[in-house]
Amino acid sequence: MNKLAFLILEGLKNVWRHKLTVFTSVTSVFLTLMIIGSLFITIDNSNSLIKYLRSKYKIEVFFKKEMGDKESKMILNEIRNISGVRNATYISSNDAIRIFKDQFEEDIHEMLGYNPLPSSAVVNIIDTGQEEFSVEPIIRSIKNISGIDTVKYQGRLIQRIERFYQKFLNAFIIVAGVIIVITIFIISSTIRLTIYARTEMIKTLKLIGATNLFIKTPFLLEGMFHGLFGALLATGTLIGLVHTGNLYINKIITFQINYQHTTTFWLIGISVVISLIGSYRAVSKII
Amino acid sequence: MISFKNVSYSHNRESGIYNADLQIDAEDFAFLIGPTGSGKTTIMRLIYMDLFPESGIVTVNGYHSNKIKRRKIPHLRRNIGMVFQDYHLLTDRTLFDNVALALHIVGIDSAELEDRVMDVLYEVGLDGKEDRKPNELSGGEQQRACLARALVKEPEIILADEPTGNLDPIAAFELIKLLEKINQEGTSIFMASHNYNLIKGRGHRIMEIHEGKLRNGL
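In the order they appear, the protein sequences are chains R and E.
By this note's numbering, the letter at position 210 of the first sequence is numbered 210, and the numbering carries on one by one without gaps.
By this note's numbering, the letter at position 12 of the second sequence is numbered 12, and the numbering carries on one by one without gaps.
For the record, the hints were derived by calculation from the structure and aren't laboratory data.
Errors might be hidden in some of the hints.
What the hints assert, rightly or not - Subject to a maximum C-alpha distance of 25 angstroms in a straight line, what follows is the list of computed PhoX-like cross-link-like pairs (lysine-lysine): (1) LYS3(R) - LYS133(E); (2) LYS13(R) - LYS133(E); (3) LYS203(R) - LYS213(E); (4) LYS64(R) - LYS152(R); (5) LYS13(R) - LYS5(E); (6) LYS73(R) - LYS143(R); (7) LYS5(E) - LYS3(R); (8) LYS72(E) - LYS5(E).
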């Protein structure tokens, strides 16, 4: 326990001893986490919007004109049994006239002398919560049922938004990956500089019986502290920005930027991991 | 405790040690004398296994140079106190912290650590100077600080490589007397020096190394 306390204290002292180089690496961690954190918040808030749009997926199925109510309802049961279908509501051709009248204030049956509107069904699908939910298999299954005339759905726009969202996610992963790699290099170089500055100490420690782990640990902890300081600064700034942003946005629209507290844990976790990788890279190359 | 059996090691064609045999037992006090570049430091480095012989076997406290695993070397060094000509003190730490470092390595609890450090500083005559940095001490004091760091581990043997090399004659003489006192308390001492006048007539075993050849019993 005493040894561990000593090593942690040494790690902290190292941070204090190398203030200038620490500033560089803490700043780079801070900037990295600011970018990643902003993207997290954007994704989180966009995700809520996407979920809302997904819940609005609606498929309209039109039965062939010759289908009577009985046959149409049998087809409706077949549709309800398709995997991914949440529910299906039957709209008879008479209901369709009523709906038309409600919307356009015209009686089409009176106008034409016959009812041109077929019986139909509105099909709602299950929200699976998947990143990109494809309605195509459901559409295909419905189209394969005999007695179906046409199938219309509003999914294309939503799918387009989802595809854009997916591209954004992919770009985010690449951008975050590149930034993380650069930060690892910066931390690694910073720790390497501090190791070079402590060459005499390392030599002495080896001569008086210190194990490699004992010598490496303060440098690894130093790197971890860089990450932690950067993470704390970044999360503090992000929370402040979200809070201030909400104050201004609320004056214009009723929308709240959501900041999940899990974001803080993620950012701290990411910073600790990248700083440990960076410092481990440096110590294992030199010590 | 320390034995060399037909040990050879060469840095290059001109320098090294050849077919050296050596034996140092518990409570021994032995000097290794020889001119600069004769191989004294090589012998010391072979003992604390910073170097490994090209032929022959070095045995130190039961560890054999031909069998020891790298991860065991720190453990070997913990039972050896080392004193160097250039002190190897950490200039950004106080005297107390420099000496305590040797105990942090073995994980001694803080109460015992403080007692042991203060005791050893008293033993080498540096009590009251524990808060000073090395550059605030004289050469002789720095060397005694180095000795304190070696002693605090309560080693079975102290290796001193030219410990008087940077000291004036009085400080050098005082250091030898201090080493003799430590030896009387049961710690073996093996000291390398090029200054024969300093060590002659003290009643201790003297080994001579010349052009890589080790000769016992001057």
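Going through the hints against the structure:
no., hint, verdict
1, LYS3(R) - LYS133(E), "holds, 23 angstroms"
2, LYS13(R) - LYS133(E), "holds, 17 angstroms"
3, LYS203(R) - LYS213(E), "violated, 29 angstroms"
4, LYS64(R) - LYS152(R), "holds, 14 angstroms"
5, LYS13(R) - LYS5(E), "violated, 45 angstroms"
6, LYS73(R) - LYS143(R), "holds, 16 angstroms"
7, LYS5(E) - LYS3(R), "violated, 38 angstroms"
8, LYS72(E) - LYS5(E), "holds, 21 angstroms"
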